[in-house]
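Sequences and hints are given; from them, build the entire structure.
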Amino acid sequence: MSNANEALLSARRRVAEAAAREAGKLALDRFRNRRFTVEAKGTQDFVSEVDKETEKLIRTRLAAVFPEDGFIGEETGGTPERIVWVVDPIDGTHNFVRGIGFWCVSIGLVVDGRPSVGVIYDPIQDELYSAAAGQGATLNGEPISVSTTTEPTEAVVAIGANFRKPAELHVNTIATLFEERCSHRGQGAGALSLALVSAGRLDGYFENHINSWDVMAGIVLIAEAGGFVNDFMADNGLMEGNTIFACTPGLKGFLSKATGFVC
123 MSNANEALLS
133 ARRRVAEAAA
143 REAGKLALDR
153 FRNRRFTVEA
163 KGTQDFVSEV
173 DKETEKLIRT
183 RLAAVFPEDG
193 FIGEETGGTP
203 ERIVWVVDPI
213 DGTHNFVRGI
223 GFWCVSIGLV
233 VDGRPSVGVI
243 YDPIQDELYS
253 AAAGQGATLN
263 GEPISVSTTT
273 EPTEAVVAIG
283 ANFRKPAELH
293 VNTIATLFEE
303 RCSHRGQGAG
313 ALSLALVSAG
323 RLDGYFENHI
333 NSWDVMAGIV
343 LIAEAGGFVN
353 DFMADNGLME
363 GNTIFACTPG
373 LKGFLSKATG
383 FVC
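All you need for our numbering is the position in the sequence shown, starting with 1, plus 122.
All the given hints hold, so there is nothing to weed out.
Label-pair restraints from in silico Cβ distances: (1) E264 <-> A140: 15 to 21 angstroms; (2) N262 <-> H331: 29 to 35 angstroms; (3) Q247 <-> D353: 26 to 32 angstroms; (4) T275 <-> A133: 41 to 47 angstroms; (5) R157 <-> D357: 37 to 43 angstroms; (6) L291 <-> K163: 21 to 27 angstroms; (7) G258 <-> F285: 35 to 41 angstroms; (8) R307 <-> E190: 35 to 41 angstroms; (9) D151 <-> F383: 35 to 41 angstroms; (10) G263 <-> K287: 37 to 43 angstroms; (11) K379 <-> A289: 18 to 24 angstroms; (12) D353 <-> K163: 25 to 31 angstroms; (13) R204 <-> G263: 25 to 31 angstroms; (14) K163 <-> E264: 33 to 39 angstroms.
20 angstroms max Cα-Cα, derived PhoX-like pairs, lysine-lysine: (15) K178 <-> K163; (16) K287 <-> K163; (17) K163 <-> K174; (18) K379 <-> K287; (19) K147 <-> K174; (20) K178 <-> K147.
For the record, the hints were derived by calculation from the structure and aren't laboratory data.
Remember, predicted model here, so these are calculated numbers, not experimental data.
A virtual CB, placed ideally from N, CA and C, is assigned to each residue, including glycine.
As structure tokens, then:
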């Protein structure tokens with residue numbers, strides 16, 4: 123990596139960290155007071171006024187420092203640019219609106235088509251996950267790495283669900299994990315689940331279709347923490363979504379078999 127590119131990523135990483143913390147504080151205050159409106163966007167798909175406020179704050183903070191950068195947000199959309207932020211202001215909105223404390227702020231950056239910066243902030247735990255391409259991954263400033271788990275019977279894998287693919291695909295994956303005695307979780311926040319994989323707290327995450335703002339930051343975190351992640355950007359994953367397959371290297375073969383996803 124050139125010095126210029128390293129400086130580009132480092133500067134944006136620092137600003138993203140600050141924006142994530144500020145946005146997380148705003149969202150946490152609203153989460154605790156429980157006074158906000160909620161709308162349905164689709165089946166089991168909700169948006170609160172806090173999502174919108176938080177995305178506006180993040181966009182404003184990033185644009186103030188990097189006005190030339192593009193922006194794609196879950197709530198306001200956007201278009202691809204050479205340098206583009208990909209943001210989920212509150213990943214796990216359904217948890218958020220129900221008072222369940224498993225949600226996060228996710229800020230990713232794509233440069234020349236490559237996921238390059240990832241920042242995820244968990245306000246409930248006050249934990250900031252951060253990574254940039256070639257710079258490693260950290261949790262509250264300390265280096266992190268994926269787990270060394272190799273045995274399914276010792277693994278904990280998170281499996282995301284959606285209504286965009288046939289139910290049998292999800293059911294078959296869960297059945298295989300049960301058969302192999304692999305513990306699984308369905309936590310309702312893909313970005314935060316990916317952050318947990320990067321820190322070795324989970325051993326893998328799979329969802330057969332997910333949007334880019336849910337995963338962009340986590341992709342960078344896991345890659346920099348030594349994990350395996352599929353090529354999410356293939357087939358216009360940035361704008362159309364894609365499968366996400368991420369895990370510690372020792373479980374790649376098993377998880378591929380369990381999910382039927384060929385890496």
